[in-house]
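Student: Spelled out from the first residue to the last, the chains are:
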Amino acid sequence: MISVAVQYFAILREQRGLAQEKIATTAGTAEALYDELKQRHGFTLPAARIRAAVNDEFVSAAAPLREGDRIVFIPPVAGG
Amino acid sequence: MISVAVQYFAILREQRGLAQEKIATTAGTAEALYDELKQRHGFTLPAARIRAAVNDEFVSAAAPLREGDRIVFIPPVAGG
Amino acid sequence: MFRLSAESFDPAALQRTLGDQRAGACVTFEGWVRDRNEGQPVGSLEYEAYGPLAVKEGERILAEAHGKFPILGAVCIHRVGHLQLGDLAVWVGVTAEHRGAAFDACRYIIDEAKARVPIWKKEHYASGDTAWINCATKGEHAGAEAPPPA
Amino acid sequence: MFRLSAESFDPAALQRTLGDQRAGACVTFEGWVRDRNEGQPVGSLEYEAYGPLAVKEGERILAEAHGKFPILGAVCIHRVGHLQLGDLAVWVGVTAEHRGAAFDACRYIIDEAKARVPIWKKEHYASGDTAWINCATKGEHAGAEAPPPA
Chain A
1493 MISVAVQYFA ILREQRGLAQ EKIATTAGTA EALYDELKQR HGFTLPAARI RAAVNDEFVS
1553 AAAPLREGDR IVFIPPVAGG
Chain B
1493 MISVAVQYFA ILREQRGLAQ EKIATTAGTA EALYDELKQR HGFTLPAARI RAAVNDEFVS
1553 AAAPLREGDR IVFIPPVAGG
Chain C
10 MFRLSAESFD PAALQRTLGD QRAGACVTFE GWVRDRNEGQ PVGSLEYEAY GPLAVKEGER
70 ILAEAHGKFP ILGAVCIHRV GHLQLGDLAV WVGVTAEHRG AAFDACRYII DEAKARVPIW
130 KKEHYASGDT AWINCATKGE HAGAEAPPPA
Chain D
10 MFRLSAESFD PAALQRTLGD QRAGACVTFE GWVRDRNEGQ PVGSLEYEAY GPLAVKEGER
70 ILAEAHGKFP ILGAVCIHRV GHLQLGDLAV WVGVTAEHRG AAFDACRYII DEAKARVPIW
130 KKEHYASGDT AWINCATKGE HAGAEAPPPA
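Residue numbers (the working numbering), protein chains in the order written: chain A, 1493 to 1572; chain B, 1493 to 1572; chain C, 10 to 159; chain D, 10 to 159.
Bear in mind the hints are in silico, worked out from the structure with no lab data behind them.
List of simulated lysine-lysine pairs, DSS-like, C-alpha gap at most 30 angstroms:
| no. | chain 1 | residue 1 | chain 2 | residue 2 |
| --- | --- | --- | --- | --- |
| 1 | C | K131 | C | K65 |
| 2 | D | K65 | D | K131 |
| 3 | D | K65 | B | K1530 |
| 4 | B | K1514 | B | K1530 |
| 5 | D | K65 | B | K1514 |
| 6 | D | K77 | C | K77 |
| 7 | D | K131 | B | K1514 |
| 8 | D | K65 | D | K77 |
| 9 | A | K1530 | A | K1514 |
| 10 | C | K131 | A | K1530 |
| 11 | D | K131 | B | K1530 |
The model shown is predicted, which means the values in this text are computed figures rather than measured ones.
With these hints in hand, go ahead and build the complete structure from the sequences.
Tutor: Put into structure tokens, the structure is as follows:
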């Protein structure tokens, strides 16, 4: 069990109802954590459409999580 | 013999030393008139690199000239 | 320079910062909030950014443009917050000796920024509905699923 | 609208005339007087136009752009007279719903204008020489014979 910080933006922030939270999890990867949170909070976007960032850098879906990481799940972007 | 008005721009204006003149000519086409003027005034640009306009519209090199036409010989352009 | 701005900004002033006597060409792109998307009347827009990564990714895109094209300067500023119809949402300016590189790099920067920089757009429709663009899932606002580039 | 201008003009004001709530994209091109051409230091530039035909041909190019690309507005202004380094020589602005058309049309307009509109450019070099660009004949300023697009 590790403790990580999760930040939410855009549709995920609205579906979660808050912008950040601490999570205790046994998920080993960013993708596994997203799937866990999707179940718990009813996120509509499938994991395949989400990218992840850890400590303000993009990471792969299979990137391992470490104690204290700050994780952002990134919905499909639409700048401009 | 017809009488036409010729206007010069850019390098032709400088080589001719004036911006317009009346010409009495037996030249039947724009190109023939350019060749005549090139001889007379020492224009450096060959006829192949000159376009012609008659009465403010582009014409082909073989366009016939008529009494009173206003002719412009157009050196290679370089806008922008 | 890639920046996010919570306030409206003056593109003419930005363009002056690109002034360079070696430059023969300056190409700019402005993205404006338009009054409809995919046929639906739009009333206003919200942009939200994941700031630190948006700026890093934006700077990476500008560095890529400098590597790919012979350009002299490149700047991109993206608004965040609530924007109204006609507002300037994003500005890209590129200078180069010759125009081909300036056009190509400007296009590259806005294409990549729209695809990669973590910024999200929420449309507020005249109907009162809203939608996060590109974030719809099947059955929900399907029209907003894959909007054309704008 | 295609225009020649004997005086400097404000591109920001021109761009405002293109404002349109249907437009999601505005692309502009500015041609600036740069400090060298083909390796030769340039001190200043003169532009001379055959006014009536330049405006007719410029308007034809804008009409062609409207026919070829789904754009909303297009404007081109070209300076004539004696310009100094850094001065704005030509401005093109195009609006469209989507950016692809705005980029393509802006590029089309400046490419065609440079190739077809009867405007001539005389460069004044630091050396004191001058040359009408594209008008050199063999042996005379051969370097200026076919300058790259700028």
